[in-house]
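Asks: Below, each chain spelled out in residue letters.
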Amino acid sequence: MEYEPVIGLEVHAQLLTSSKIFCACSTAFGAPPNTNTCPVCLGMPGVLPVLNRKVVEFAVKMALATNCRINTYNRFARKNYFYPDLPKGYQISQYALPLAEDGHLIVETAAGKKRIGITRIHMEEDAGKLIHDEHNPYSYVDLNRTGVPLIEIVSEPDIHSAEEAAAYLRALHEILVYLGICDGNMEEGSFRCDANVSLRPKGQEAFGTRTELKNMNSFRNVQRALEYEIKRQEYILEGGGEIVQETRLWDDSQGVTNPMRGKEEAHDYRYFPDPDLVTVHIDETWIEEIRKTLPELPMARRERLQKEYGLPAYDAGVLTSSRALADYYEEAARLCGAPKIAANWVMGDLLKLLNEEGKTFDACPVGAASLARMIRLIEDGTISGKIAKELLQEMYAAGKEPEEIIAERGLVQITDEGALKAVIEEILAANPAQVAQYRAGKEKVFGFFVGQAMKATGGKANPRLLNDLLKRMLAP
Amino acid sequence: MKITQEEVRHVAHLARLEFPEDQIGKFTIQLNDILMYMEMLNALDTKGVEPMTHATVLYNAFRDDEVKPSLGEGESLANAPDPRGQFFRVPRVIE
Numbered sequence: 001m002e003y004e005p006v007i008g009l010e011v012h013a014q015l016l017t018s019s020k021i022f023c024a025c026s027t028a029f030g031a032p033p034n035t036n037t038c039p040v041c042l043g044m045p046g047v048l049p050v051l052n053r054k055v056v057e058f059a060v061k062m063a064l065a066t067n068c069r070i071n072t073y074n075r076f077a078r079k080n081y082f083y084p085d086l087p088k089g090y091q092i093s094q095y096a097l098p099l100a101e102d103g104h105l106i107v108e109t110a111a112g113k114k115r116i117g118i119t120r121i122h123m124e125e126d127a128g129k130l131i132h133d134e135h136n137p138y139s140y141v142d143l144n145r146t147g148v149p150l151i152e153i154v155s156e157p158d159i160h161s162a163e164e165a166a167a168y169l170r171a172l173h174e175i176l177v178y179l180g181i182c183d184g185n186m187e188e189g190s191f192r193c194d195a196n197v198s199l200r201p202k203g204q205e206a207f208g209t210r211t212e213l214k215n216m217n218s219f220r221n222v223q224r225a226l227e228y229e230i231k232r233q234e235y236i237l238e239g240g241g242e243i244v245q246e247t248r249l250w251d252d253s254q255g256v257t258n259p260m261r262g263k264e265e266a267h268d269y270r271y272f273p274d275p276d277l278v279t280v281h282i283d284e285t286w287i288e289e290i291r292k293t294l295p296e297l298p299m300a301r302r303e304r305l306q307k308e309y310g311l312p313a314y315d316a317g318v319l320t321s322s323r324a325l326a327d328y329y330e331e332a333a334r335l336c337g338a339p340k341i342a343a344n345w346v347m348g349d350l351l352k353l354l355n356e357e358g359k360t361f362d363a364c365p366v367g368a369a370s371l372a373r374m375i376r377l378i379e380d381g382t383i384s385g386k387i388a389k390e391l392l393q394e395m396y397a398a399g400k401e402p403e404e405i406i407a408e409r410g411l412v413q414i415t416d417e418g419a420l421k422a423v424i425e426e427i428l429a430a431n432p433a434q435v436a437q438y439r440a441g442k443e444k445v446f447g448f449f450v451g452q453a454m455k456a457t458g459g460k461a462n463p464r465l466l467n468d469l470l471k472r473m474l475a476p
Numbered sequence: 001m002k003i004t005q006e007e008v009r010h011v012a013h014l015a016r017l018e019f020p021e022d023q024i025g026k027f028t029i030q031l032n033d034i035l036m037y038m039e040m041l042n043a044l045d046t047k048g049v050e051p052m053t054h055a056t057v058l059y060n061a062f063r064d065d066e067v068k069p070s071l072g073e074g075e076s077l078a079n080a081p082d083p084r085g086q087f088f089r090v091p092r093v094i095e
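The listed protein sequences derive, respectively, from chains A and B. Take 1 as the starting number for the first sequence in our numbering and just add one per residue. Take 1 as the starting number for the second sequence in our numbering and just add one per residue.
In short, the hints are calculated from the structure, not lab data. Honestly, I wouldn't trust all of these hints.
These stretches of chain B come out as covered by chain A in the derived footprint (C-beta under 8 Å, 3 or more residues) [to be verified]: (1) 42 to 49; (2) 63 to 72; (3) 76 to 88.
In silico DSSO-like cross-links for lysine-lysine, where the CA-CA straight-line distance does not exceed 27 Å [as the list claims (entries may be wrong)]: (4) A:K79 with B:K2; (5) A:K129 with B:K2; (6) A:K400 with A:K340; (7) A:K129 with A:K214; (8) B:K68 with A:K88; (9) A:K444 with A:K460.
The beta-carbon is built from N, C-alpha and C at its ideal position, and this holds for glycine as well.
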């Protein structure tokens, strides 16, 4: 029988605020254990949480970017369970009346564009971190992360393959980073994903029994875990077996999913509105204020770059892979007036220089305006493209302006016909054998003369002029 | 009955409470009485009345995103029954 996978994803994204969601402790990663804590996030009796306004603003940004309806009134609820990473005995989250509902995202897959529904986006606090002692019956608790703001983004079960799931996650990740509301660092847990997976016979409407997958900390692992889990369920169903509804953990080293032990008890969170936090009222004025601060989103920008600058889809994809890169490119393209040439320099030489040092365009030592001036200097014939490659390296290393280096090193292209003629005459006189070969029809030798002339001028000969002159002077 | 002994046991477990078996029966009867009392309130017509979740009409109580000093070193662990180094130590929670 042919089965269709049905996948829904839950993404937790850490918001880039300086302080926690309900108290003024720092959210900085990597502080010594339990030093970013206070009576509020430690769950001491008698304290009151107060909501960080920026958390709401960031969450609204994501809701708008994913076409959600924002609930004018939304409120926080307590999700009750006992686990040592939660000192209060409950997590403050949202349940009924979350921040936003009914959104969608368009993602690009190998098979084309696909619409994936977003059920809801809500705000909540993160839990602490547990370190388990391998040899002794203890766990160690670090509550620095307790109370760090998260948004949870829940997708509709609209995803039908591991590849689609990965495409959806990449799109979400890209938007969060573009909006500047999440650093997207998967290793540090700023972007985490759980997946619900079930299979159903193709054509059947009703869902099969699902499992929940956790512990996948990269796009690649999400895809691998889903591929494995789909095969596992298929194998069981083919053999007439039944899927057990359970939480399974991805084991990266073995490439398998295993049932999670410990929290076996069916979840019964007894959600109720948190009386410590007043309701959040997000009116149209506030929404519009936030909407105005939204940047152009990556997919729209890719399409615009193709249309406006005539760039191929691949180039537009590379140039919009980060907001800093896209901003840099557009400024350079606008200032030099040669968008395609600018694209080649940005994607080629400059990206290579940055990659070699593991830097990004936020920290590019060559400003977009300097790159644009360098391109203008090539366009107006002052320097050759070959010289420009060296020039860019020097601009990058020394942080100098192109004109400065050109003047220092005398890199101006030789466009004076008389001067170049003199150089060529010398070369022809010194190489009579090659001249004879060329005139006898061996046109390949032409490259030899170009090379000699470039060598003699230190690469400064204007290539077009050099070609013209060589052709004329070599003619029999 | 509004509530069964089984439900009482379940709720007690969720709250990590343990009772002798004879008390479960007693609590079931008492909780049932309370729930029956709630039924009286259900007789009221609340059509068109928004459910009230808070005793205040205040909304949007925010703070700005500013970091303030956390508790000093060691202070966060001052009440911990079993601190180890900079950590709270607890019985291991996974196998």
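Asks: Next pair to validate is A:K400 with A:K340; report whether the Cα-Cα distance is within 27 Å.
Replies: holds (24 Å)
Asks: Using C-beta distances, would you say chain A covers the stretch 76 to 88 of chain B, given that this needs three or more residues below 8 Å?
Replies: Held - the stretch 76 to 88 of chain B has 7 residues with a Cβ nearer than 8 Å to chain A, which meets the minimum of three.
Asks: Given the hint that A:K129 pairs with A:K214, test it: the Cα-Cα distance must not exceed 27 Å.
Replies: holds (16 Å)
Asks: Does A:K444 pair with A:K460 here, judged by a C-alpha cut-off of 27 Å?
Replies: holds (22 Å)
Asks: Can the restraint linking B:K68 and A:K88 be considered satisfied, given a maximum Cα separation of 27 Å?
Replies: Answer holds: B:K68 to A:K88 is near 21 Å, not above 27 Å.
Asks: Taking beta carbons only, do three or more residues of the stretch 63 to 72 of chain B come closer than 8 Å to chain A?
Replies: Satisfied; 8 residues make the cut.
Asks: Below or equal to 27 Å on CA atoms is what counts here, so check A:K79 against B:K2.
Replies: holds (24 Å)
Asks: Please check whether the stretch 42 to 49 of chain B has three or more residues whose CB lies within less than 8 Å of a CB on chain A.
Replies: violated (count 0)
Asks: Just to be careful, I want the Cα atoms of A:K129 and B:K2 compared with a cutoff of 27 Å; is the pair within it?
Replies: At roughly 40 Å apart (the allowed maximum being 27 Å), B:K2 and A:K129 break the hint.
Violated hints, in rising order: 1, 5; the structure is consistent with all others.
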